[in-house]
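So the protein sequences, as listed, match chains A and B.
Using numbering that gives the first Met the number 0, read the first sequence as starting at 0 and increasing by one per residue.
Using numbering that gives the first Met the number 0, read the second sequence as starting at 0 and increasing by one per residue.
One thing to keep in mind: the hints can contain errors.
[As the list claims (entries may be wrong)] Here are some, though not all, of the chain B residues that point toward chain A, as calculated from beta-carbon distances under 7 Å:
hint, residue
1, P5
2, L6
3, V11
4, A230
5, D231
6, A238
7, P300
8, V338
By construction, these hints were calculated from the structure, which means they are not laboratory data.
Each residue gets a CB set at the ideal place from its N, CA and C atoms; glycine is no exception.
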Amino acid sequence: MDDVEQKPLSPAELKKLKKAEKAARRKEQKGEQGVSQAPQQNRHKPSNKAKPDSTKPGTTAHKKSASTDTQSTSQYALGTLLGHLELRPRLGAPVPEDVNSAVFELAVRMSAFQVLGSTERCRQMLLAFQRMIREYRTPPDTLMARSLNTHLGKQIEYLKQARPLSVSMGNAIRWLKQEISKCLNDSEDVVKDNLVNAIEDFIRDKLDAASQVISQLAVPQINDGAVIMTFAHSSVVSKVLRDAKRGGKDFRVIVVDSRPLLEGKKLLQELQAADIPCSYVFMTGLHYVLSEVTAVVLGAHAMFSNGMLYSRAGTALVAQSATDRNIPVLVYCESIKFSDRVQLDALTTNELGRPEDMNLQIGANTSVKALHVLYDLTPPDCIRKIVTELGNLPPSSVPVVIREYRNS
Amino acid sequence: MPDVFPLADALVSRLKRRELHLPAEIATATVQVMLRFVSAHRWSTVPQLIADTRAIGRLLQDAYPTENTAANVVRRVLALIREEERDEDPARNDTHMFSLLSSVEPAPSSKNAQELKPYIIQAIQEYADEIVSVNDSICALAVDIVHQGETLLTPTPGSETLLKFLLRAAQKRTFTLLITECYPNNTDRVGRFAETLSAAGVSVVIVPDAAVHTLISLVGKVVVGARSVMADGSATAAAGASIVCEAAHANRVPVVALAGTYKISPNQPVDVDALIEMGGPESILPFSNGNLVNSLDVVNPLWDFIPSKFISLYITNLGGFSPSFVYRLALDSYKADDVDL
Chain A
0 MDDVEQKPLS PAELKKLKKA EKAARRKEQK GEQGVSQAPQ QNRHKPSNKA
50 KPDSTKPGTT AHKKSASTDT QSTSQYALGT LLGHLELRPR LGAPVPEDVN
100 SAVFELAVRM SAFQVLGSTE RCRQMLLAFQ RMIREYRTPP DTLMARSLNT
150 HLGKQIEYLK QARPLSVSMG NAIRWLKQEI SKCLNDSEDV VKDNLVNAIE
200 DFIRDKLDAA SQVISQLAVP QINDGAVIMT FAHSSVVSKV LRDAKRGGKD
250 FRVIVVDSRP LLEGKKLLQE LQAADIPCSY VFMTGLHYVL SEVTAVVLGA
300 HAMFSNGMLY SRAGTALVAQ SATDRNIPVL VYCESIKFSD RVQLDALTTN
350 ELGRPEDMNL QIGANTSVKA LHVLYDLTPP DCIRKIVTEL GNLPPSSVPV
400 VIREYRNS
Chain B
0 MPDVFPLADA LVSRLKRREL HLPAEIATAT VQVMLRFVSA HRWSTVPQLI
50 ADTRAIGRLL QDAYPTENTA ANVVRRVLAL IREEERDEDP ARNDTHMFSL
100 LSSVEPAPSS KNAQELKPYI IQAIQEYADE IVSVNDSICA LAVDIVHQGE
150 TLLTPTPGSE TLLKFLLRAA QKRTFTLLIT ECYPNNTDRV GRFAETLSAA
200 GVSVVIVPDA AVHTLISLVG KVVVGARSVM ADGSATAAAG ASIVCEAAHA
250 NRVPVVALAG TYKISPNQPV DVDALIEMGG PESILPFSNG NLVNSLDVVN
300 PLWDFIPSKF ISLYITNLGG FSPSFVYRLA LDSYKADDVD L
């Protein structure tokens, strides 16, 4: 360790150091002039000044001051590894101008990962928009529909600050904008009535009825004596399993879960309330319990046009392990989650969770980083079939559904 | 025979209490017991010594049934005793073709077996030295495995051998190491492992266990500290290792497993579940989740079974070997008579 510290610096390292030094100096000057950045700067200044006394002169002191500066933005900054994925800060008060209070509340809850799941997020967003539309007052001398469109854009932008929109949310927004454009020439009351009713119908048709139909299709596929494995939490999976139990099926469920979100606990609670016998295992114990499993059922965040299933990180591991052992893997997915996007690996587009949620037992002065990606991508050859409200489909039929759906 | 037990008693109870759980500690402790036993025990013939040694081996094995190291060390010591006996008695070495069909058993050595004692002790002493230097020999191969700028992934941050291996690699190479969280067992070790390597200049990133499939395409090699190795080339390691190795296998990412030779067992894995020890449920679902815990089956395996097809290479203190060669290593170290103690 010692000889690493005392090793002479390479030109590249020297350059980097000088850059960091310059940036730090510039920041300090700014801090003295500007008032707004004062709190952050002040916190670090005393420690910076105190440091040179205790540490060796020269390089190490500079190194440390540079590192504390980056730590103030994120203790776990990742640098080059997946640097294209950004980490969004937690939202909080005050309510920004032009943002409806219902939308604000939803954004804050999403930002804290309290509203989870593609379906639930879509539903909550539509309900918030419904309230926003009810409370909307058209500025004088403008058409309701036109100004509403811009206002809606601001709400969406704010929701995006909390977390990237889910595919279901994106599809719902596209539909809503279409609906708004249909009533360009109507009066305020008519537009409001139309849209509020349309949103209600949309939630009923695309979310509630869809999951009902999926359940009707999926329940007969569950055999008595089945041992069903599922991962994390999916509202459709939960509904299907509870409906199957209510229909008198006798089966057992193994819930696989993973830190840090621990969504499986929520599913456990729902299944236990329905008196379904359950086992609970973490990702690390997956292979141990896999031998008794007769079917794997999974929820989806999105189905991509190339047949890939985009879902909570860990889904692909479960699907792949099951497929390797010839255990059928079924995906329950409403067609609102179908996307025309294509993706080959889960790295190009993904979402980062907050690494501090991982509760790692590492010291404060270490450069150990943590990476928490939220999604992974299951290849189509690991999926036996997709159960949607349009019927049982192979993964290759996703683009077909998208085309038909768009045309209708 | 009862007087052989007091020597092993202390070790047996430490194994039963799981005070010793690192294979390296168990190997060192066992070989020391063997040394003391052969020197202090009163034995008059080699067959008697062998029988008593096997008795100790059985005791140690029963004390910690899912851990093979103690039994493997005893098997190796038995092989050393048998070799010394054979060297002493050239008649037994006589295996030319005329004697193949003869059914006459060679008579037991007429010489005083006590004359063998110093040779046996010396052989065991040499074996003890070999056990101590296992990590050094494995680490010597580190630069052959890790290349500059590589990204490695490990699902077994609890392994001491792996830590030393990566520290050695870090002396010569700059690389990135992804570590799975290995939740819920031994999470404190993950932090220590990460901090030690980070201090040595490795850029260390801890990832959740579920993120492996997303990240595996970034990874050049998966490195695993094996806990025990079966004759068919399969291994057991910390829970979660198998799923990582499977993902690596599916993506054609090589998996390198590290194991000292004392971890190689001559047995085939027949009942895989019997190789795996279970942990308590409270680390998965704390008892504070009252109503949930009551009616739930919580499964917490401590170890994982990795089939040999998921492993590309074993690095042992004798060098690197393909998994299909492991049975040969087992045949070299142990005598067929001692496979079942």
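Each hint tested on the structure:
Contact between B:P5 and chain A, as hinted, is not supported at the beta carbon level, the nearest pair being about 38 Å apart and thus beyond 7 Å. Interface restraint check for B:L6: the shortest CB-CB distance to chain A comes to about 36 Å, outside 7 Å, so the restraint is violated. Taking 7 Å as the C-beta cut-off, the interface hint given for B:V11 is violated, the closest approach to chain A being about 28 Å. At about 21 Å, the closest approach between the beta carbon of B:A230 and any beta carbon in chain A exceeds 7 Å, and the interface hint on this residue is violated.
The criterion of a C-beta within 7 Å of any C-beta in chain A is not met by B:D231, whose closest approach is roughly 17 Å, and the hint is violated. Annotation: interface hint on B:A238 holds; nearest CB of chain A at approximately 4 Å, less than 7 Å. Annotation: B:P300 was flagged as interfacial toward chain A, and the flag holds, the nearest CB pair being 4 Å apart, inside 7 Å. Contact between B:V338 and chain A, as hinted, is not supported at the beta carbon level, the nearest pair being about 26 Å apart and thus beyond 7 Å.
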